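Q: Chains as they are written, first to last, in my numbering: chain A, 260 to 549; chain B, 260 to 549; chain C, 260 to 549; chain D, 260 to 549.
Please keep in mind that the hints were generated in silico from the structure rather than gathered at the bench.
Quantities reported herein were computed from a predicted structural model and do not represent experimental measurements.
Among the clues, some could well be false.
Heads up, the list lumps identical chains together, so a pair's fine if it works in one copy or across two of them.
To be verified - Calculated cross-link-like contacts (lysine to any residue; reagent style SDA-like; alpha-carbon spacing at most 25 Å): (1) Lys-353 with Gln-475; (2) Lys-352 with Glu-535; (3) Lys-413 with Pro-443; (4) Lys-345 with Arg-281; (5) Lys-376 with Ser-510; (6) Lys-393 with Asp-491; (7) Lys-352 with Leu-378; (8) Lys-353 with Ala-442; (9) Lys-376 with Gly-303; (10) Lys-544 with Pro-443; (11) Lys-361 with Asp-343; (12) Lys-376 with Arg-504; (13) Lys-318 with His-507; (14) Lys-361 with Trp-373; (15) Lys-318 with Ser-510; (16) Lys-413 with Ile-503.
Here is how the chains run, residue by residue.
There are 4 protein chains.
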Amino acid sequence: MHSERFYTLTASCPDRTGIIARVTGFIAEHGGWILESSFHADPGIEGEHARYFMRIEVKAASLPFMLTELRERFAPIAAALQMDWKITDSAVKKRVVVLVSKQEHCLYDLLARWQSKELDIEIPCVISNHDTLKGFVEWHGIPFHHVPVVADNKPAAFAEMQRLFAAVGGDTMVLARYMQILAPDLCAAYPGCILNIHHSFLPSFVGAKPYHQAYQRGVKLIGATCHYVTADLDQGPIVEQDVIRIDHSDSPEDMVRYGKDIEKTVLARGLRYHLEDRVLIHGNKTVVFR
Amino acid sequence: MHSERFYTLTASCPDRTGIIARVTGFIAEHGGWILESSFHADPGIEGEHARYFMRIEVKAASLPFMLTELRERFAPIAAALQMDWKITDSAVKKRVVVLVSKQEHCLYDLLARWQSKELDIEIPCVISNHDTLKGFVEWHGIPFHHVPVVADNKPAAFAEMQRLFAAVGGDTMVLARYMQILAPDLCAAYPGCILNIHHSFLPSFVGAKPYHQAYQRGVKLIGATCHYVTADLDQGPIVEQDVIRIDHSDSPEDMVRYGKDIEKTVLARGLRYHLEDRVLIHGNKTVVFR
Amino acid sequence: MHSERFYTLTASCPDRTGIIARVTGFIAEHGGWILESSFHADPGIEGEHARYFMRIEVKAASLPFMLTELRERFAPIAAALQMDWKITDSAVKKRVVVLVSKQEHCLYDLLARWQSKELDIEIPCVISNHDTLKGFVEWHGIPFHHVPVVADNKPAAFAEMQRLFAAVGGDTMVLARYMQILAPDLCAAYPGCILNIHHSFLPSFVGAKPYHQAYQRGVKLIGATCHYVTADLDQGPIVEQDVIRIDHSDSPEDMVRYGKDIEKTVLARGLRYHLEDRVLIHGNKTVVFR
Amino acid sequence: MHSERFYTLTASCPDRTGIIARVTGFIAEHGGWILESSFHADPGIEGEHARYFMRIEVKAASLPFMLTELRERFAPIAAALQMDWKITDSAVKKRVVVLVSKQEHCLYDLLARWQSKELDIEIPCVISNHDTLKGFVEWHGIPFHHVPVVADNKPAAFAEMQRLFAAVGGDTMVLARYMQILAPDLCAAYPGCILNIHHSFLPSFVGAKPYHQAYQRGVKLIGATCHYVTADLDQGPIVEQDVIRIDHSDSPEDMVRYGKDIEKTVLARGLRYHLEDRVLIHGNKTVVFR
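Bound conformation, chain A alone:
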């Protein structure tokens, strides 16, 4: 993360010759200073089309025009290359809505990062199906919404959550050990915008009580996975994963405790990649330009 204001272009397009030259030529022509750039050619397998991915940070002050004009001028190039693209501005803070249940470890971790400006974001509100963490959140000056989710109010509860997210202008929804399965239409409404932390090394141990599943199988490492939420439970594109060593002496409760340490770290890393526009979704996979 650079201290000066910069624009971040992320794009993907069918692979062909001349893509980097075209894009960086445009930037150079206007005197743009590139701070960081990453490129990836995905050859596809078994008859898929090759696809090209890029991420470029340009110092804002080096360009002779503002973001709106940058987008306008870049649009024809993007069109010619059949790009999916966007340009974001480091001066515009991302707005991250955090969903929690009763467990506090991920929330404490995220708020510590937010407090220290390590995560330089806005948290317009926290939403929870319990009010356990209300005081902690409000002490930080962040609005807290208690939206109970019970068997017979789910559609209304998820509609309320979606309304709250829209009302505060949320960019990203983070499920920080939020223990409810989101409604499929909520997932579908924000593709690539909802991050979850699952407490297993996916695809092992999908669903409930993964540490107990891991205990039963006798694995020697347990993990956590940060992924985008889709309508298929625990099947969305994976952003980040990590593992920690355990042994025969660890009970499921010990695994829960060990697991928290990787859950919060993996979630924080995945969230950071997402917020810095380092993650490009490719089908059910991700390109992560770290």
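Position chains B, C and D relative to chain A; hints supplied.
A: This is chains B, C and D only, laid out in the frame that chain A set:
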């Protein structure tokens, strides 16, 4: 591993008070010097019975009798405690039969460890369904048996392998990336004696082409698992696992290459634990006293 | 950590035959149920004396007497074996005084663990040379003491800290990124009671700005070290360490950010080992029974 | 590593606007298909000049001219940008001379990779100060040169090694646990061409017996470092490092054994990065485009 000769007692039994006292009291009574000792109480979950596991190394020279008498004298104690137990002698080298196919990385790795006496074992023979590695094995002075396995000779081939294993007095069979599925009755004949290295972080990606499965799922770490072979493919008790980080730029072929590095390390570690009698099987799980 | 009340015996003594038998015989004689036990024989190198270490958890309810009597009855055995020993009671919560400066990541992490009872301790107070974190600490209902440390008040400041620690009956002092070097006599007053987290993989990069030192040297992994504080800066016995991968694109500021994630995890692990009496100091090294 | 022939351009130059555009514009102009590209802007610290690094793989068949002409045509651009640069051809195998002493683990590991073409290189010869591994090397059809190094023949021995390296047209010299310190003028003759594996996590434990040093300090992880050899012992630019966890029960001999596993992996990874022209030296540090 100690330089002096020692006996290793491994045992498991129903948990109760006084187990350690009884066993170490017996050793102390005869002046036995304990070099290393490990204990584990498994409480069981959901109504299982608690079970106790132990491993004790005693300096051979500190005891006033030989191994046979040690076993005789210990037997009544073991019976009283309803133990599954054995005592091995560090002076008796384990006899390890290695099975390979065409890939050499695990074999080179094992023979380097054997050559340097890091693995202080006998390798009475190597068995392969191909003759690719014959010269390499024979250069080391180890007999090589080519036992082709094709669709219509499997029973005969596995019978021949079982015969060879028995003929050389094998203790342990190691599948060092041996690409055939062993016959169920061969697996059943040697429970807790056959180690396999599977090229995924089990239980993810069971079966064929796990790296391609991992590529398709877009995981961010790949792994390898050393486990005991049972009649259920890739379902046996896990001895050791490890993982390595990959990213979007890695093709399935890159993963195969990265994976080799953990396969050989995980296999070597799992094999060492097994050979040093550090692994006690508990249902479909293992206690590994490292 | 077990849910039932238990006593933890930790001890070290010159190695000889019969130690385990003597100790566990005593426990068995009184019907003590051993929950967990660990033993380690350190052979010494180059003429040092061999030394024996142990840690045993006994279920409190299984013994027919209370802790005071347990200690009295065990004392003669300990004396005969020339033991350094202690017995602690899981029902008596450890009292941990936390020292911080301005950085919040370790403090948030510790308080989240304390809040969730993952760390089942008392935090009688937090002491800081700044008042930055006062509100956060007090919101948790924990007294906060601002003890400024400046060039010309150091003896008085450290005396005040020592007074506060004594006044609240502290067992353990944790330097959670407390950026001052403690006075030698404060260190000497509480040997094996003060834990620090140093932001490098010791012994590399002792002293100030270790991440900048790491950047200059071009290392590919950075680390953190939890160690006991002694009068020699960053030279005390190491309890726990870990590392994280970086690369050429990471600035010193990036390293600081990555480093925080391992600092808090390493500190929390080291502190847990210490609080559960899993750490036995041996000269300038530690035995850690995990 | 791609299956098709490609050219790899690596370059560094003072940072300025338009570098990528200029270089990729040149490639695009001639229809060059970029397979992989990496860029890094090093801002410098404390008044150093910012420097730019790049590595680009271009499919050979996509260009309308051969390598010689590519170099001629690129030279003026490189000159204008004040580049240090080179272009290599994937069809020209690198020639790697391996130096060993008596320990076999790194040699077995490298030859297994070479045998399987995982490392697609020529090994024109192996040089050793002992003849221990002569048979093993020659069995692989690789010439083996025994060049004893003793106190009073060092200048002659190193001169002979340099003569052998030159005679076989070596590109890279690999010290695969070669236990002698190379003469300074040999180091100086091949800057950035000689790779060593040091058996510690540098900068900790420089020099002799690092595992014993690690044992004495009581560290909880041990490591290995692959670095370029310079005249300053163990001070050259670091290419790759890794660590492995140990504990109080590990003797120095155990550490030696554990360490071998990371030594060979770290050496193999560092060597691969070097051979694929992924390592660019920057003062006493490296940029490694993985």
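Q: Now, for every hint given, state plainly whether the structure supports it.
A: So, going through the hints one by one against the coordinates:
1. Lys-353 with Gln-475: Classified as neither: same-chain Cα gap 41 Å, cross-chain 31 Å, threshold 25 Å.
2. Lys-352 with Glu-535: within (10 Å within a copy, 40 Å between copies)
3. Lys-413 with Pro-443: Only inside one copy: Lys-413 and Pro-443 sit 11 Å apart there, 49 Å across copies, limit 25 Å.
4. Lys-345 with Arg-281: Both, since 16 Å and 24 Å are each at most 25 Å.
5. Lys-376 with Ser-510: between (37 Å within a copy, 17 Å between copies)
6. Lys-393 with Asp-491: neither (30 Å within a copy, 45 Å between copies)
7. Lys-352 with Leu-378: Answer is within; shortest intra-copy Cα gap is 10 Å, inter-copy 35 Å.
8. Lys-353 with Ala-442: within (24 Å within a copy, 45 Å between copies)
9. Lys-376 with Gly-303: between (39 Å within a copy, 24 Å between copies)
10. Lys-544 with Pro-443: Close inside one copy (19 Å), not across copies (37 Å); limit 25 Å.
11. Lys-361 with Asp-343: Result: close neither inside a copy nor across copies, 39 Å intra and 43 Å inter.
12. Lys-376 with Arg-504: between (31 Å within a copy, 22 Å between copies)
13. Lys-318 with His-507: between (52 Å within a copy, 20 Å between copies)
14. Lys-361 with Trp-373: Both. Shortest intra-copy (20 Å) and inter-copy (15 Å) distances satisfy the 25 Å Cα cut-off.
15. Lys-318 with Ser-510: between (51 Å within a copy, 17 Å between copies)
16. Lys-413 with Ile-503: neither (35 Å within a copy, 40 Å between copies)
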